[in-house]
Amino acid sequence: DGGITQSPKYLFRKEGQNVTLSCEQNLNHDAMYWYRQDPGQGLRLIYYSQIVNDFQKGDIAEGYSVSREKKESFPLTVTSAQKNPTAFYLCASSITGNTDTQYFGPGTRLTVL
Amino acid sequence: KNEVEQSPQNLTAQEGEFITINCSYSVGISALHWLQQHPGGGIVSLFMLSSGKKKHGRLIATINIQEKHSSLHITASHPRDSAVYICAVRWADKLIFGTGTRLQVFP
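Protein chains in written order, with our numbering: chain Y, 1 to 113; chain P, 1 to 107.
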């Protein structure tokens, strides 16, 4: 089955530690995205990538980093510089980075203690 | 003011009722998306539309570009329709999301 996987579903980390969230897709999509969801707010774009080895900052990139070494993988690192890292993180992909429908992964809930 | 506003924020209904969720936006857009988020967090795309009306099963989505408004209708609602429904608009090269409408349908 084609789709997007994110792991783990729940992640706990101590304050000050970096943590990497995994996102893999086998849909052969060129574009991938990372969003953050907080209670009472709409999804906010962290980073996106329209092609391998290239990515752009979204609206709230500070304290996060990404890489796109392979078409199917777009990991997100939450660094210790992110002031409020506890949130629900969603990865998505689309055929291209234009008007295509985005397909979402199941999400990772990160809690920083 | 958010670029995308949804109403109502919360909605409860009895099984079988007709449901309407509204989305208003303030920017020029190239497309509007309706998404469904289940309690576990996963998001599914329901519709993408740039004009007129689309129907899929019991779901109908309409958009009025001049009035910058879209509606999502659910006919003959069912408890399995309980979810958060999110409106998102494509502006420039990104999606702007509304905060969602939480729908609960009781048997």
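Just so you know, the hints here were simulated from the structure itself, not pulled from any lab data.
Backbone N, C-alpha and C define an ideal beta-carbon position, used for all residues, glycine too.
Be careful, since some hints might not be right.
[What the hints assert, rightly or not] Here are the simulated DSS-like pairs of lysine-lysine, each with C-alpha atoms no more than 27 Å apart in a straight line: (1) P:Lys-94 / Y:Lys-9; (2) P:Lys-68 / P:Lys-94; (3) P:Lys-53 / Y:Lys-70; (4) Y:Lys-71 / P:Lys-55; (5) Y:Lys-9 / Y:Lys-57; (6) Y:Lys-71 / Y:Lys-14; (7) Y:Lys-71 / Y:Lys-9; (8) P:Lys-94 / P:Lys-55; (9) Y:Lys-83 / Y:Lys-57; (10) P:Lys-94 / P:Lys-53; (11) P:Lys-68 / P:Lys-55; (12) P:Lys-94 / Y:Lys-57; (13) P:Lys-68 / P:Lys-54; (14) Y:Lys-83 / P:Lys-94; (15) Y:Lys-70 / Y:Lys-9.
[What the hints assert, rightly or not] Over the 10 Å line for every Cβ pair with chain P, so calculated as not near, a few chain Y residues: (16) Leu-90; (17) Asn-98; (18) Thr-101.
- Message: Which constraints among the numbered hints does this structure fail? Numbers only, ascending.
- Response: Violated: hints 3, 4, 6, 16, 17 and 18.
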